[in-house]
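Asks: So you can see what is in the structure, the chains are spelled out below.
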Amino acid sequence: MTDKLFLKGRAGTVSRGATAWLMLLPLAAALVLFAVFPSIYVAALSFTKSTLGQPFRSWIGWANYYWLLGGGDRVFVPSLLRATIFAVVVSMVELALGLALAVRLTSLRRGGRLLRSVLLLPLMTPPVLVGVAWKLLLAPGGGLINGELLSLGLIAEPVSFLGTTPWALMSIMVADVWQWTPFVALLAYAALRQVPDDVVEAAWLDGAPPAAVFWKIQLPLTAHLLFAIFVLRLIMAFKIFDLVYILTFGGPGNATDMSGFTIWRTGLREFDVGRAAAQTVVFAVFVSVLLTPLLWLERRTEDHAA
Amino acid sequence: MARIELTGLNKDFAGRQVLSDINLSIAEGEFLALVGPSGCGKSTLLRVIAGLEPISSGSVAFDGEPVDTLPPQARNIAMVFQSYALYPHMKVRDNLAFGLKQHGLPRSERDRRIAVAAQALELEPLLDRYPRALSGGQRQRVALGRAMVREPRAFLLDEPLSNLDAQLRVSTRLEIRTLQKRLGMTMIYTTHDQVEAITLADRIAVMSAGRIVQVATPLDLYDFPANRFVAGFIGSPAMNFIPGTRRADAIHTAGGAVIGLPEGDVDGPDDIVVGLRPEHLTLDIDSVPAAHRLDATVRHVENLGSEAEIYVEAGGTRLCLRHFGRRLPDIGTQVRIGFDPARLHLFDARSNERIGPRHDTRVNAS
Amino acid sequence: MTIDIGLDGKVVSEKGQVVATERTHRAASWLGLGRMISALLIALYAAFLLLPIAFLVSLTFKTRDEVLLGRFLTDKPTLENWWKAFQVIHLTDYVWHSVVIASLSAVVTLIVAAPATYAAVRLRHGAFLGSLALSSYVAPPVVALLPLFFLMRWLGLLNSFPGMILLYGIMNVPVAYWLLLGFLRKIPSALDEAAWIDGAGFFKTFLVIDLPLLAPGLVATGLICLILAYNEFLFASLFAQDDSVRGLTVAISLFQGDRFVNFGQMAVASLVGIAPIYVIALLFQDRLIGGLTAGSVK
Numbered sequence: 099m100t101d102k103l104f105l106k107g108r109a110g111t112v113s114r115g116a117t118a119w120l121m122l123l124p125l126a127a128a129l130v131l132f133a134v135f136p137s138i139y140v141a142a143l144s145f146t147k148s149t150l151g152q153p154f155r156s157w158i159g160w161a162n163y164y165w166l167l168g169g170g171d172r173v174f175v176p177s178l179l180r181a182t183i184f185a186v187v188v189s190m191v192e193l194a195l196g197l198a199l200a201v202r203l204t205s206l207r208r209g210g211r212l213l214r215s216v217l218l219l220p221l222m223t224p225p226v227l228v229g230v231a232w233k234l235l236l237a238p239g240g241g242l243i244n245g246e247l248l249s250l251g252l253i254a255e256p257v258s259f260l261g262t263t264p265w266a267l268m269s270i271m272v273a274d275v276w277q278w279t280p281f282v283a284l285l286a287y288a289a290l291r292q293v294p295d296d297v298v299e300a301a302w303l304d305g306a307p308p309a310a311v312f313w314k315i316q317l318p319l320t321a322h323l324l325f326a327i328f329v330l331r332l333i334m335a336f337k338i339f340d341l342v343y344i345l346t347f348g349g350p351g352n353a354t355d356m357s358g359f360t361i362w363r364t365g366l367r368e369f370d371v372g373r374a375a376a377q378t379v380v381f382a383v384f385v386s387v388l389l390t391p392l393l394w395l396e397r398r399t400e401d402h403a404a
Numbered sequence: 009m010a011r012i013e014l015t016g017l018n019k020d021f022a023g024r025q026v027l028s029d030i031n032l033s034i035a036e037g038e039f040l041a042l043v044g045p046s047g048c049g050k051s052t053l054l055r056v057i058a059g060l061e062p063i064s065s066g067s068v069a070f071d072g073e074p075v076d077t078l079p080p081q082a083r084n085i086a087m088v089f090q091s092y093a094l095y096p097h098m099k100v101r102d103n104l105a106f107g108l109k110q111h112g113l114p115r116s117e118r119d120r121r122i123a124v125a126a127q128a129l130e131l132e133p134l135l136d137r138y139p140r141a142l143s144g145g146q147r148q149r150v151a152l153g154r155a156m157v158r159e160p161r162a163f164l165l166d167e168p169l170s171n172l173d174a175q176l177r178v179s180t181r182l183e184i185r186t187l188q189k190r191l192g193m194t195m196i197y198t199t200h201d202q203v204e205a206i207t208l209a210d211r212i213a214v215m216s217a218g219r220i221v222q223v224a225t226p227l228d229l230y231d232f233p234a235n236r237f238v239a240g241f242i243g244s245p246a247m248n249f250i251p252g253t254r255r256a257d258a259i260h261t262a263g264g265a266v267i268g269l270p271e272g273d274v275d276g277p278d279d280i281v282v283g284l285r286p287e288h289l290t291l292d293i294d295s296v297p298a299a300h301r302l303d304a305t306v307r308h309v310e311n312l313g314s315e316a317e318i319y320v321e322a323g324g325t326r327l328c329l330r331h332f333g334r335r336l337p338d339i340g341t342q343v344r345i346g347f348d349p350a351r352l353h354l355f356d357a358r359s360n361e362r363i364g365p366r367h368d369t370r371v372n373a374s
Numbered sequence: 057m058t059i060d061i062g063l064d065g066k067v068v069s070e071k072g073q074v075v076a077t078e079r080t081h082r083a084a085s086w087l088g089l090g091r092m093i094s095a096l097l098i099a100l101y102a103a104f105l106l107l108p109i110a111f112l113v114s115l116t117f118k119t120r121d122e123v124l125l126g127r128f129l130t131d132k133p134t135l136e137n138w139w140k141a142f143q144v145i146h147l148t149d150y151v152w153h154s155v156v157i158a159s160l161s162a163v164v165t166l167i168v169a170a171p172a173t174y175a176a177v178r179l180r181h182g183a184f185l186g187s188l189a190l191s192s193y194v195a196p197p198v199v200a201l202l203p204l205f206f207l208m209r210w211l212g213l214l215n216s217f218p219g220m221i222l223l224y225g226i227m228n229v230p231v232a233y234w235l236l237l238g239f240l241r242k243i244p245s246a247l248d249e250a251a252w253i254d255g256a257g258f259f260k261t262f263l264v265i266d267l268p269l270l271a272p273g274l275v276a277t278g279l280i281c282l283i284l285a286y287n288e289f290l291f292a293s294l295f296a297q298d299d300s301v302r303g304l305t306v307a308i309s310l311f312q313g314d315r316f317v318n319f320g321q322m323a324v325a326s327l328v329g330i331a332p333i334y335v336i337a338l339l340f341q342d343r344l345i346g347g348l349t350a351g352s353v354k
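Residue numbers (my numbering), protein chains in the order written: chain E, 99 to 404; chain B, 9 to 374; chain Y, 57 to 354.
Please keep in mind that the hints were generated in silico from the structure rather than gathered at the bench. Think of the CB as a built atom: it goes at the ideal place given N, C-alpha and C, for glycine as much as any other residue. Worth double-checking, as some hints may not be accurate.
[Unchecked claim] Calculated from the model, a selection of chain Y residues having no Cβ within reach of chain B, i.e. all distances over 10 Å: (1) Phe111; (2) Ser192; (3) Val194; (4) Gly212; (5) Leu247; (6) Gly255; (7) Phe258; (8) Lys260; (9) Ile265; (10) Pro268; (11) Asp299; (12) Arg302; (13) Ile336; (14) Gly346.
[What the hints assert, rightly or not] No more than 25 Å apart at the CA atoms, straight line, and that leaves these computed lysine-lysine pairs for BS3-like: (15) Y:Lys260 / Y:Lys242; (16) Y:Lys132 / B:Lys99; (17) B:Lys109 / B:Lys99; (18) B:Lys109 / Y:Lys260; (19) Y:Lys140 / B:Lys99.
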């Protein structure tokens, strides 16, 4: 009997490799659709004169790139730098605030559940609505901030936060920090919880004040995780689009133009799909060149810690 | 039950030789223990036999039929994992039935086998519980039961007792051995605990750094370790090693002992390591000739109640001896310890291989 | 053992040994003070987080004139905005579109990502595809905007539910793959191996062993993907402009420039739009937080 079963098992099992590839098929298809095809297509578009209605009108070689990087386009290159500054600043501020919050959370004895519900709110809010909420808060007429500042007599006239530099860019940053700091705090909190309690308690018994416990024990032990959180936020921050669209639409002038938005406007407002494609390629290359060393470093520190 | 043959097995992983040239044959109904320190490759070898790990070269055969290309599903072996690996979302009964269902056994046969196993392992009251509601010992028995009901060609057990407390370990050890003998199971069992291996196994394969360094019965392994590694690994406390030099027809050791060599033994290296087990050293030296004594200083005494382990220093070498007398020497005192030359082991200091006494001299040695 | 705490701050046991010095004592009182400061700072921060939402709520009860004062509280609350908002904007339709698209797309995401995770982690095949998916997440979505527009137009999937469901379903695969990787690694691989040895096929093991044990992780991952899809704007603004599929984010973005929609109605629309997500967030709080932190902490 045993031998019969043995033979049945042998005939009935699909091999490990075949099963694996069948199970990977949907992912492979998804990657082709969402990564491989768009990359090739957008690269091809960037060498053409194209519109939304009529892609691939004619091949024009490197002309779009000359226009882009040779000074013809006065908006795009500054938008790259602005996006970089934006991403780095908000990621750093969010990490600092989020970490501070996470440390406080670890010493919180009550109300943790309530607080976590509050933390989830900004995180769950669609960025479009974050933009709307902040637009209403910052509005010169009827905005809460101007209203309160006026009634307190701190300002004589309403400030157009979204219509003047540098307030416009800072307003987008504030909205972004409002939305994402809780996310960083939750991740940083999880990271801090990775430090075994007895290590922290041993430091207390050694007489270390809370600040020393943080700087000498918790921070070094979680540095690799915090760095990973920072890189993740950096990646996400480069994608900024919704807030710009709702809050400033790139303005005043081009003062809040960041690449994601610039590309969208070139392609879908100016309908120059070829140039938008060239901008996209430059943006993608720029972001990967910037992030690759960081991702490499992240993996290294992770291996080092493991 | 099957006969298992491993021939010329090699496994490379990430540029490292995890298993090298494994040749081993396990007879039908035999209990073979794989022992070695952690990382020696014993678990990998077990997983290779189960079909969980691919091999680089060589072959695995059950009853003379190669199974290298068969996935684990088709090998019809059972395995007990160190963590037991009970399906946490299934009751004990369903854990036992799972493998049988996969093989398309009818319900009546499933129930019969589960009943038999449950009775043998006293699992009846646990059948409708989930694994999380069981104690460590109970989980262990369920894992054994899950293997048993399958009536497989062979049982593979990966450190099955290492998660149990000391007392339970000893009683379960006995249970496994009884069951294995009664059912005539072919069983391969990995452990890092040499005592477990010696008490359980018909034969023991000692592994180190991906190789099998010796395969022998427990007694042979104890009496004739093939090299210093096996000699040091088998036996507790570990064997003492004393450096010595061959001059003319005798070996002079640190601590001043002189060991005569058998007549005619003229070949062999000059630098020698003498191995003496703690239980073969004695403080009672009246009957020991002067040449078989060592001058030593007592450094440390560990009283175990039934016996004591006395650590001494002789000629710059630390030695341990098991002492069964009730009067213990004070620390710091000078003592003379004697040994029985018939119980010593000689190793080549350079290659660490055993050079004597040889296996065929056992009759004289005892 | 009795312990005396001396006036000098030294903690002395019965036998006269000093078991703790003033320093530990001081550390303990620091902890008490620190906790109070922490609580205060946290309360302030929570207020900051709630401010925009609370302001939205207060706006919904204000008349057009009162809105212009820019104050937080109102003297004469009105409910007019609430019923007017639903008249001016087809709010329920948009929320419904978003909910349908987001939830079905989350299912698509899980169907693509879960088997792939199992294949990469347990069957140890094709992990590079997973890595590729993860690195594709680094690229800004605007990269795919134009190519996908032409592709979807060619396939006739613009302004359609299947198109949006598929789009979001695929878009969130890297996130789901990353999160499920964390969840799957927490399930001991010995369980799969035991099932294989018991004779269950590789795919069947995935179905009967891993999926049931992965259920909490699947729920958390699914919810996160649902929320990401619900909140998405860039693709939606181009691929789902038509009123028949238009979701909440696009609707709001269109109305925020509309002169017929005042601040109060805008606030109502925003709150109604956020409501489904907040309900999910509050109901599944623990799952969500577990999910968000699953991939980052191993």
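Asks: Hints first: check each against the structure and report whether it holds.
Replies: Do the hints match the structure? See the list:
no., hint, result
1, Phe111, "holds (47 Å)"
2, Ser192, "holds (27 Å)"
3, Val194, "holds (27 Å)"
4, Gly212, "holds (44 Å)"
5, Leu247, "violated (5 Å)"
6, Gly255, "violated (3 Å)"
7, Phe258, "violated (8 Å)"
8, Lys260, "violated (8 Å)"
9, Ile265, "violated (6 Å)"
10, Pro268, "violated (5 Å)"
11, Asp299, "holds (46 Å)"
12, Arg302, "holds (42 Å)"
13, Ile336, "holds (26 Å)"
14, Gly346, "holds (18 Å)"
15, Y:Lys260 / Y:Lys242, "holds (20 Å)"
16, Y:Lys132 / B:Lys99, "violated (63 Å)"
17, B:Lys109 / B:Lys99, "holds (15 Å)"
18, B:Lys109 / Y:Lys260, "holds (12 Å)"
19, Y:Lys140 / B:Lys99, "violated (57 Å)"
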